[in-house]
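**Student:** Single-letter residue listing:
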Amino acid sequence: MRLIFDIALTHISGRGRQTIVAMLGVAVGVGFSIAMAALMQGGQDDFVRQLVDTMPHVQVTDEQRTARRQPAEDFFDAAAISGLRPRDDRRGIINPTAALSWLDGWIPGRFAATLKAQGVVRYSGQEVGAAVIGIDPQAEPRVSPIIGDFKAGSFAALAAGGNNVVIGDTMARRLGAGLGDTITAVSSEGLTRRFKIVGLFHTGTTARDEGEAYVLQKNAQILSARPNAINEINIKLNDPNAAPPVARRIEAELGYKAVAWQEANESILEALVVRNVIMYTVVAAIMLVAGFGIFNIISTITHEKARDIAIMKSLGFTETDMRILFVLEGVAIATAGTLIGWALGLAMVYALSLVRFELSATGQEMTRLPIAWSTLHYAIASAFALGSAAVAGYLPARRAARANPVDIIRGAT
Amino acid sequence: MSTLVEAKGLTRILEETVPVTLVKDVSLVIGEREFVAVTGPSGSGKSSLLYLLGLLDRPTRGTLTIRDRDTDLMDEHERAATRLANIGFVFQFHFLLPEFTARENVEIPMRRLGRLGRDEMRERASELLAALGLADHLDKRPDQLSGGQRQRVAVARALANNPPLILADEPTGSLDSKSSEQVFQILERLVREQGKTVVAVTHDLDMASRMDRRVDLIDGRLTTETEKATTRGDSEAPET
Numbered sequence: 001m002r003l004i005f006d007i008a009l010t011h012i013s014g015r016g017r018q019t020i021v022a023m024l025g026v027a028v029g030v031g032f033s034i035a036m037a038a039l040m041q042g043g044q045d046d047f048v049r050q051l052v053d054t055m056p057h058v059q060v061t062d063e064q065r066t067a068r069r070q071p072a073e074d075f076f077d078a079a080a081i082s083g084l085r086p087r088d089d090r091r092g093i094i095n096p097t098a099a100l101s102w103l104d105g106w107i108p109g110r111f112a113a114t115l116k117a118q119g120v121v122r123y124s125g126q127e128v129g130a131a132v133i134g135i136d137p138q139a140e141p142r143v144s145p146i147i148g149d150f151k152a153g154s155f156a157a158l159a160a161g162g163n164n165v166v167i168g169d170t171m172a173r174r175l176g177a178g179l180g181d182t183i184t185a186v187s188s189e190g191l192t193r194r195f196k197i198v199g200l201f202h203t204g205t206t207a208r209d210e211g212e213a214y215v216l217q218k219n220a221q222i223l224s225a226r227p228n229a230i231n232e233i234n235i236k237l238n239d240p241n242a243a244p245p246v247a248r249r250i251e252a253e254l255g256y257k258a259v260a261w262q263e264a265n266e267s268i269l270e271a272l273v274v275r276n277v278i279m280y281t282v283v284a285a286i287m288l289v290a291g292f293g294i295f296n297i298i299s300t301i302t303h304e305k306a307r308d309i310a311i312m313k314s315l316g317f318t319e320t321d322m323r324i325l326f327v328l329e330g331v332a333i334a335t336a337g338t339l340i341g342w343a344l345g346l347a348m349v350y351a352l353s354l355v356r357f358e359l360s361a362t363g364q365e366m367t368r369l370p371i372a373w374s375t376l377h378y379a380i381a382s383a384f385a386l387g388s389a390a391v392a393g394y395l396p397a398r399r400a401a402r403a404n405p406v407d408i409i410r411g412a413t
Numbered sequence: 001m002s003t004l005v006e007a008k009g010l011t012r013i014l015e016e017t018v019p020v021t022l023v024k025d026v027s028l029v030i031g032e033r034e035f036v037a038v039t040g041p042s043g044s045g046k047s048s049l050l051y052l053l054g055l056l057d058r059p060t061r062g063t064l065t066i067r068d069r070d071t072d073l074m075d076e077h078e079r080a081a082t083r084l085a086n087i088g089f090v091f092q093f094h095f096l097l098p099e100f101t102a103r104e105n106v107e108i109p110m111r112r113l114g115r116l117g118r119d120e121m122r123e124r125a126s127e128l129l130a131a132l133g134l135a136d137h138l139d140k141r142p143d144q145l146s147g148g149q150r151q152r153v154a155v156a157r158a159l160a161n162n163p164p165l166i167l168a169d170e171p172t173g174s175l176d177s178k179s180s181e182q183v184f185q186i187l188e189r190l191v192r193e194q195g196k197t198v199v200a201v202t203h204d205l206d207m208a209s210r211m212d213r214r215v216d217l218i219d220g221r222l223t224t225e226t227e228k229a230t231t232r233g234d235s236e237a238p239e240t
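If you're matching them up, the sequences are chains A and B in order. Following my numbering, the numbering of the first sequence begins with 1 at its first residue and continues without gaps. Following my numbering, the numbering of the second sequence begins with 1 at its first residue and continues without gaps.
Simulated from the structure, these hints should not be mistaken for laboratory data. Where hints are given, some of them may not hold.
[Said to hold, decoys possible] Some chain A residues near chain B, calculated using beta-carbon distances under 8 Å: (1) G14; (2) Q18; (3) V21; (4) P227; (5) D308; (6) E319; (7) P405; (8) V406.
[Said to hold, decoys possible] Covered stretches of chain B, as calculated for chain A (at least 3 residues, CB under 8 Å): (9) 89–96; (10) 211–221.
Don't be surprised by glycine CBs; every beta carbon is placed ideally from N, CA and C.
One chain only, chain B, in its complex shape (with noise of 0.2 Å):
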């Protein structure tokens, strides 16, 4: 299993009158064709994890490699392309572009990158789409969808430019069960089928007891790790 981020010491901390401690000291690998589940109680810094694990945010302290490259060493053009080519963000909301079709949403990460012709990207949004079950709302927008289809459709966003790493940040949090367990198993494909690494924020525990790894925030720091988790007892109820 190659390595294809890592964590050193990874700090931040937010710079206001009171400075806030969002995450402390967290040390991580995470390999090819992993499904980690990232779990803690509210405001133990678990999506400011994946936000820094995502280079949408800079440690204040700490190394994280992507693929053996320092993110610290990049400027702001290499770190937007390695979002572009690399990483699929999926968040609780949908956060679809509310003015472009389904199709269109998609296509977006493939026009920026650019390295498809119009009529492939058209093609590959199409099928991305048809294989997440939305075959027949390639040309609706977002507000004529509903929460769980909105989802699959931020799913196939990501899965745009093929990128070997999903970060999900609560991807199931405001659906309905049904939904949520459908997005679940698309993630868990994409993990099984096609050898992506997930990393999902979740307070589901059940959830998460069925990904392959779990890793614990409490304040911030890492407390446990643990590889095909057993439940723990958690002072927070799953989410159901």
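Pulled out of the complex, with its shape left as it was, chain A reads as follows (with noise of 0.2 Å):
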């Protein structure tokens, strides 16, 4: 094996031009899918931590999955019914103090309940729809995404006497309100009351600089005619990954629609994998011509050692020896374009991650590329260039392994 091995060495390192050229084929190509990988698993690791924290991991919410059933569906084994109103149930989460403290009992996380209604903000004659969203100074911080993200003020200040609310920087420039100013909230019950602004975010998502404000729970309560009805409980896990059990056990138990985040944003994971199938389709594209490159190789060895091979053959060695070799001269080619590859790809990505550049039209979001440090990419990289190696190098050696020595010796002669 070592005698095979030593031929094999000196056949490819007797070609020194052409070996390096395959071997950087397999390094280009090894390099490229990592770099490649890094940066397309960067951009959904990022993604996907973004859909993490911006949303809830669990969202209990007042609603029923199917219409509620109407007791005479129940009661009679056919029933037809027309012109159905049902009661206006303004309750929201039936029971909220039991639901929460069971909850209490077990989430591996944080929970906090809100009331959110619909509304309209209103000031200086500008109006603005919004989410009027209630909330408990206390518990919302620790589920909320925004807690970093505000400009002035904080939750904290809602608690801080009369009537106050944060909301949005852009909601507030659409306005033309500052902090400090006071603006009108109309509830869809008609009512009406002023708010004072405490405290301005900006989280980048425009749908919610926009369109959120946020109250004291009993402010929500009031304004929106429901006495101590909540119906949105927001929930953040310890592991994002436990969601959808959690979510089943609390649609189980409460009977509201409880939903997890990989249910919530079902289309873009599954975009996400067809995304991954691309990827490791061009990595794997690479890799077959890389492929290439050493199958040109090894059959240029193949052909001007015909005569060795001949030799050896009729020195005792067998057909297997021979395929062993000429494998091994690609695999060989392969493990050193791999192992310049990996620095190659390292390089890459450590440069990829340092580039800069601006997102914002306003110049304030400075952004770096989102990039994966893994050794998975690396692994996976080299088994392409390994494996479409040991097949570019069994190919020709297969066909040279087979040739009759005495053809070769007698066309010599």
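Hints are included, so try docking the two chains, each in its own frame, into the full complex.
**Tutor:** This is the structure we're talking about:
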């Protein structure tokens, strides 16, 4: 075995330039695969992280998945209902205290209950539609993604006496209002209340910055005429991946719709899977091209070394020896190429991680390319490279090993 | 004299569009310590016969036994193993591996067989080469050696695993007369002093006449077998 290894090394080192070209082919393939994988994975991780960070991991609302069944449907075998006018149930999540204490018992994470009502915010003749969200200033910061995005004030300022509100900076700009100004909120019930702006936030998500107004829970309940009601429970889990089972358990127990973030973003996650498939296809294609390079050089070597193959066979080497020899040559080139490729990939990933660019037109948001550093990418790229090299070496090796030494020796004499 | 190689009705036909008969119905017994010349005109099948005897080629018909083992029953691996341990080849062209030095070339069959340690192989290779007058050229590559020297390295390589049978295909065919004589004497010494069997294909009738036995082929058939050959009138002029 050692002997065959020596011969293989001698063969490839005897063809310096071609070997280097083939090696560089593999190296570039491996390097670019790694860089691409790092970029794609980084983008995906970044995206998922944003999803996970900005959304509650599980959101319980006072909706049901199917329309409420009418008692007549349960009582009679057949019932046709028309012109139904269901009772207006404005209680939100029934018995919220019991539900919350039940959740408190076992949820591996944090949660906060809110009352969300649709309304309009008005200031100096300007009107902006908004979701008026009633929060508990103590509980909300533990689940809210906004907490890090305050430009002025905070949730805690809500509790400091009087009727206070926290709104997004885009909304404030549209209204022409600033910190300390008093705005008017009108609910769908037609009730009106005046709030003083005690906080401004900027999350970067326009829908949020323009359409959310946070007030104390009590104020929201008064504004929407729903005393003591809550209609949303937002849950942040310690482990975001545990969301689906938690959501299932809550839904089974409380009977309300509980949506895990995976469910809410199913189509996006599906798109990411498709993106991964595309990425690995491209990686495989790059490796295939590198494989052709190896095929080429091993083919050339077997042609050139036809005489040596005949000699070795006449000396008593078997066909298997010859096959191993050339496969080994292919794999040796690929191994060297892979090592260079690792260095190349590492360098490229590092270079990409240094790239900075301005995303927002205002020039405020400087962003780096999201990069994932993962040894898995290196392993996958090498596996592809070595695999394609083994195949690329095996095909000419098999043909060369089969050749009858006599034909070659005869041809030479 | 014990039998080393025995051929019965050995026939080799090349399956081309028009089948070409290379060797036809050759029966032959070669014992140990024999020095056999295979002669005949060009294209008479001398080399083909040698390749059959050396297990490089398979006969179309007929049987070949080496040391009482029917080679037809051998698989690829056993044939390769037999070539490795029992047969040494010397071709008209040296057929050394060009990237390796003289000593490495001689070591290759030993390393493939793997019976000796690396140091012993090195020592044996050096001894073999020294015995053939190449003590000063151990670490030269084939392209740094003269034709005669290369051919002697090839002989040393054939002897590497100490096989009982040496097959030589026109070993002196591409050499000048001085080198030819040298190589011939080496082959002769192998038979006389080391008890090997040497079967050599040759054009050179003068050389053939100095061997123990001469096998003459025409059109793939065995015509005459002569012990202590007397020179026969032949269509081909001896090469000198």
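**Student:** Are the hints correct? Go through all of them and say.
**Tutor:** Okay, the hints, checked on the actual structure:
1. Satisfaction of the interface hint for G14(A) is found here, the shortest Cβ-Cβ separation to chain B being roughly 5 Å, below the 8 Å cut-off.
2. The interface hint given for Q18(A) is violated, since its Cβ lies 15 Å from the closest Cβ of chain B, which is over the 8 Å cut-off.
3. Because the closest C-beta pair between V21(A) and chain B is about 20 Å apart, greater than 8 Å, the hint is violated.
4. Restraint check, P227(A) versus chain B: the minimum CB separation of about 92 Å is more than 8 Å; hint violated.
5. Taking 8 Å as the C-beta contact cut-off toward chain B, the hint placing D308(A) at the interface holds, the least distance being around 6 Å.
6. For the restraint placing E319(A) at the interface with chain B, the shortest Cβ-Cβ distance is roughly 6 Å, inside the 8 Å limit, so the hint holds.
7. Evaluation of the P405(A) hint against chain B yields a held restraint, the C-beta minimum of about 5 Å falling below 8 Å.
8. Checking V406(A) against chain B: minimum C-beta separation of about 5 Å stays under 8 Å; hint holds.
9. Coverage of the segment 89–96 of chain B by chain A holds [criterion: at least 3 residues with CB-CB distance below 8 Å; count 6].
10. For the segment 211–221 of chain B, the assignment as covered by chain A is violated, since 0 residues bring a beta-carbon within under 8 Å of that chain's beta-carbons and 3 are needed.
Checked against the numbered hints above, the structure violates hints 2, 3, 4, 10; every other hint is satisfied.
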